[in-house]
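Novice: Using the sequences and the hints, build the whole thing.
Same order as they appear, the protein sequences are chains A and B.
According to the numbering used here, the first sequence is numbered sequentially starting from 1.
According to the numbering used here, the second sequence is numbered sequentially starting from 1.
Keep in mind the hints are simulated off the structure, nothing from the lab.
Bear in mind that the values here come from a model prediction, so they are computed numbers and not experimental data.
Check each hint, because a few of them may be wrong.
Identical copies go unnamed one by one, so any copy, or any two together, can satisfy a pair.
Said to hold, decoys possible - With a straight-line Cα cutoff of 25 Å, these simulated SDA-like cross-link-like pairs (lysine to any residue) come out: (1) Lys90 with His407; (2) Lys347 with Asn305; (3) Lys384 with Asp124; (4) Lys116 with Thr383; (5) Lys404 with Ile191; (6) Lys190 with Leu297; (7) Lys61 with Gly192; (8) Lys285 with Asp113; (9) Lys249 with Gln209.
Given next are the chains, with one letter for each unit.
There are 2 protein chains.
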Amino acid sequence: MTAENKAFQKVTESTATNPIQGNPYGPNPSDFLSNVANFQLIDSTLREGEQFANSYFSTEKKIEIAKALDDFGVDYIELTSPVASEQSRKDCEAICKLGLKAKILTHIRCHMDDAKVAVETGVDGVDVVIGTSKFLRQYSHGKDMNYIAKSAIEVIEFVKSKGIEIRFSSEDSFRSDLVDLLNIYKTVSKIGVNRIGIADTVGCANPRQVYELVRTLKSVVNCDIECHFHNDTGCAIANAYTALEAGAKLIDVCVLGIGERNGIVPIGGLMARMIVADPDYVKSKYKLPKLRDLENLVADAVEVNIPFNNPITGFCAFTHKAGIHAKAILANPSTYEILDPHDFGMKRYIHFANRLTGWNAIKSRVDQLNLSLTDAEVKIVTTKIKKMGDIRPLNIDDVDSIIKEYHGEINTPTLVPKMTKSDEEPLDLSDEPAAKKVKL
Amino acid sequence: MTAENKAFQKVTESTATNPIQGNPYGPNPSDFLSNVANFQLIDSTLREGEQFANSYFSTEKKIEIAKALDDFGVDYIELTSPVASEQSRKDCEAICKLGLKAKILTHIRCHMDDAKVAVETGVDGVDVVIGTSKFLRQYSHGKDMNYIAKSAIEVIEFVKSKGIEIRFSSEDSFRSDLVDLLNIYKTVSKIGVNRIGIADTVGCANPRQVYELVRTLKSVVNCDIECHFHNDTGCAIANAYTALEAGAKLIDVCVLGIGERNGIVPIGGLMARMIVADPDYVKSKYKLPKLRDLENLVADAVEVNIPFNNPITGFCAFTHKAGIHAKAILANPSTYEILDPHDFGMKRYIHFANRLTGWNAIKSRVDQLNLSLTDAEVKIVTTKIKKMGDIRPLNIDDVDSIIKEYHGEINTPTLVPKMTKSDEEPLDLSDEPAAKKVKL
Numbered sequence: 001m002t003a004e005n006k007a008f009q010k011v012t013e014s015t016a017t018n019p020i021q022g023n024p025y026g027p028n029p030s031d032f033l034s035n036v037a038n039f040q041l042i043d044s045t046l047r048e049g050e051q052f053a054n055s056y057f058s059t060e061k062k063i064e065i066a067k068a069l070d071d072f073g074v075d076y077i078e079l080t081s082p083v084a085s086e087q088s089r090k091d092c093e094a095i096c097k098l099g100l101k102a103k104i105l106t107h108i109r110c111h112m113d114d115a116k117v118a119v120e121t122g123v124d125g126v127d128v129v130i131g132t133s134k135f136l137r138q139y140s141h142g143k144d145m146n147y148i149a150k151s152a153i154e155v156i157e158f159v160k161s162k163g164i165e166i167r168f169s170s171e172d173s174f175r176s177d178l179v180d181l182l183n184i185y186k187t188v189s190k191i192g193v194n195r196i197g198i199a200d201t202v203g204c205a206n207p208r209q210v211y212e213l214v215r216t217l218k219s220v221v222n223c224d225i226e227c228h229f230h231n232d233t234g235c236a237i238a239n240a241y242t243a244l245e246a247g248a249k250l251i252d253v254c255v256l257g258i259g260e261r262n263g264i265v266p267i268g269g270l271m272a273r274m275i276v277a278d279p280d281y282v283k284s285k286y287k288l289p290k291l292r293d294l295e296n297l298v299a300d301a302v303e304v305n306i307p308f309n310n311p312i313t314g315f316c317a318f319t320h321k322a323g324i325h326a327k328a329i330l331a332n333p334s335t336y337e338i339l340d341p342h343d344f345g346m347k348r349y350i351h352f353a354n355r356l357t358g359w360n361a362i363k364s365r366v367d368q369l370n371l372s373l374t375d376a377e378v379k380i381v382t383t384k385i386k387k388m389g390d391i392r393p394l395n396i397d398d399v400d401s402i403i404k405e406y407h408g409e410i411n412t413p414t415l416v417p418k419m420t421k422s423d424e425e426p427l428d429l430s431d432e433p434a435a436k437k438v439k440l
Numbered sequence: 001m002t003a004e005n006k007a008f009q010k011v012t013e014s015t016a017t018n019p020i021q022g023n024p025y026g027p028n029p030s031d032f033l034s035n036v037a038n039f040q041l042i043d044s045t046l047r048e049g050e051q052f053a054n055s056y057f058s059t060e061k062k063i064e065i066a067k068a069l070d071d072f073g074v075d076y077i078e079l080t081s082p083v084a085s086e087q088s089r090k091d092c093e094a095i096c097k098l099g100l101k102a103k104i105l106t107h108i109r110c111h112m113d114d115a116k117v118a119v120e121t122g123v124d125g126v127d128v129v130i131g132t133s134k135f136l137r138q139y140s141h142g143k144d145m146n147y148i149a150k151s152a153i154e155v156i157e158f159v160k161s162k163g164i165e166i167r168f169s170s171e172d173s174f175r176s177d178l179v180d181l182l183n184i185y186k187t188v189s190k191i192g193v194n195r196i197g198i199a200d201t202v203g204c205a206n207p208r209q210v211y212e213l214v215r216t217l218k219s220v221v222n223c224d225i226e227c228h229f230h231n232d233t234g235c236a237i238a239n240a241y242t243a244l245e246a247g248a249k250l251i252d253v254c255v256l257g258i259g260e261r262n263g264i265v266p267i268g269g270l271m272a273r274m275i276v277a278d279p280d281y282v283k284s285k286y287k288l289p290k291l292r293d294l295e296n297l298v299a300d301a302v303e304v305n306i307p308f309n310n311p312i313t314g315f316c317a318f319t320h321k322a323g324i325h326a327k328a329i330l331a332n333p334s335t336y337e338i339l340d341p342h343d344f345g346m347k348r349y350i351h352f353a354n355r356l357t358g359w360n361a362i363k364s365r366v367d368q369l370n371l372s373l374t375d376a377e378v379k380i381v382t383t384k385i386k387k388m389g390d391i392r393p394l395n396i397d398d399v400d401s402i403i404k405e406y407h408g409e410i411n412t413p414t415l416v417p418k419m420t421k422s423d424e425e426p427l428d429l430s431d432e433p434a435a436k437k438v439k440l
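Specialist: Shown next as structure tokens:
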């Protein structure tokens, strides 16, 4: 652990004073249902992620990704349905044979044809899904709720008879009729599924809706609740967190969130969210320093760049720029960081080469350069740097040159240039900017 | 309006059956405080966004961005403090002189030195901020709450005396002591600020915390509430939405969310969230088809790419791939789209050239190619396409070739090759894949 790392003062929801915990009437009893400190991850990069526009995974790449996910510590790995194509079936079998710690699931339609193929692949469990909203019932499969219940029971009992895990999920849950939903979930819960799933298939749900639905379901079923959130309206991570607060147990994630349209909950963003809530649980369970490699592996495979604003691994996620921010970060990183970059094998960076910089950031740079300037002198040189930053974008060399030039000026005001090595080094007459030259 | 556009069946929270609205005890009285259908945007691309690692905006670029924001319809444009640098002050004055519809604000520390400069720039209002968390009080400005209140009163009364708008915001509000917060907000509300601001400066807040704090503040202040959410843990958009539900009125946004670290609420993502909640309000107020140009303008200026998974404008935000999805989208786009791409000047795309494709998507392509195949025949050719898709990534040409080849086979089973133009066109003996050749 580096000195910088040690200096990081952890601030978590459990220690920080916040409005909810400041409630003088004591903790809300409903919080005892929360699974924020006891959640599991179902990674669907090799199922939902295969539905991402750019995805084409060869068998070798699927195996490489599955191993990396297992190494990171995900609890489940979900694979494309074995009936999607012949190679999909073979790949499913191959991944089951790897002997990973993570349990292997495959994801099928609620139909016996699919179930019969799925149970023969060697998976640890089957995820069954069927659309329940009026949209999907009318335009997708055309079946009513009675038919759905009948198929569900048949498929669930068949999968259970094979001794493997079974999850039943509705699709488009947030546009389904609540009574229909509760009916079907109550039915499958009675038969004894391992998990029920709710899915925000179109990405329309908002956090308080999610909380209400999960909380309602908790009183209807006695199995675990899994949640699948699309990110069309940018709420997938928050919805996942709120679902766990309400008592859901498992969250579907993908590396970088890849999936249909703009995807689902990204594993990295969810780690950022969860480590704030329970750092010990998250750090003990998942190998966070492997996150960057995992994301790079998948980004390369599907030929996308890591988004510039990606949580944790975006190029500037730990870059501090404004003078006020830099000053405080130098005094204590907790001031402007809720995440410690070292937990993820990353580093923070103070961006001091710009017109928004402040004298504390420049003083820190002066120290790094091993030069000696008083605070008053640092303030003068900071003004010079900000002035230059008003004229054009600066880089570190620019700032260093301005500092060194000023340092030279005030330390050798009357000295004539030293002529050491003058024979070998003639005066520089190139057109390099004056600011880049260090006076002797 | 195209035929495709007309076919889009809108689904909004107000018409969809959802758990909250299905509550048999009627609407929750607390929803009367919601501003989901009555919110305003404060764009901070030229303030918070200037604190983004890559930002360097020339005067000309600032003016171009300000005009584009104004054209899009933002209510306020917030600019970097005029004391940040001499050019920042001049740019602030220049933008105030543009005569935009949007009100111009500048953002300063809670200090008379800054306030005196700010009110002379010609802005319509001043946004004042000071850190109130124990972290910022200890490591940033080093002042106690009494000092903060005293400075706040002095600055607020001074700005008010100039007849322009004044907002007072705490910084790091979600790690501040609740009683301290309520005290200071009650004080400034009594003096008569236009808005109070709460800021999740480190990106630690979650939706239910946000709801609680905003709802509590609603009973303490009688001015508008503005919210500023950082995105370190991926919850900025959801927090903004939940704040509006609780009764906040204004949200700070940036184009692409650029700002310190990985930024704040992105204007595009928030539009996606809000149009689902109240399409009429959002479409009447903001020129949504200009979103893409606005994002491209800023992305170019700060030298980043639009993230692959960006809401609305990400390259695949309206791409549908899995066979089940494609089938339903072709029948009714509402099945798998909560956003209508046409509202944003975008188009949807059915990705049919892959092994997850289904026969409905291929049938649609057959129709586009103006070929005639029965459903049974389409299913056969779909199997051929999926088989090829198992071997390697496909493009549209591959699929078209397979379809045309099959169409040729079944329509001319006994015909000998026609010799039309055979003199000019000898038999093709190149090594082009067989699948790409169309039999006569």
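Novice: Out of the numbered hints, which ones does the structure contradict?
Specialist: 1, 3, 5, 6, 7 and 8
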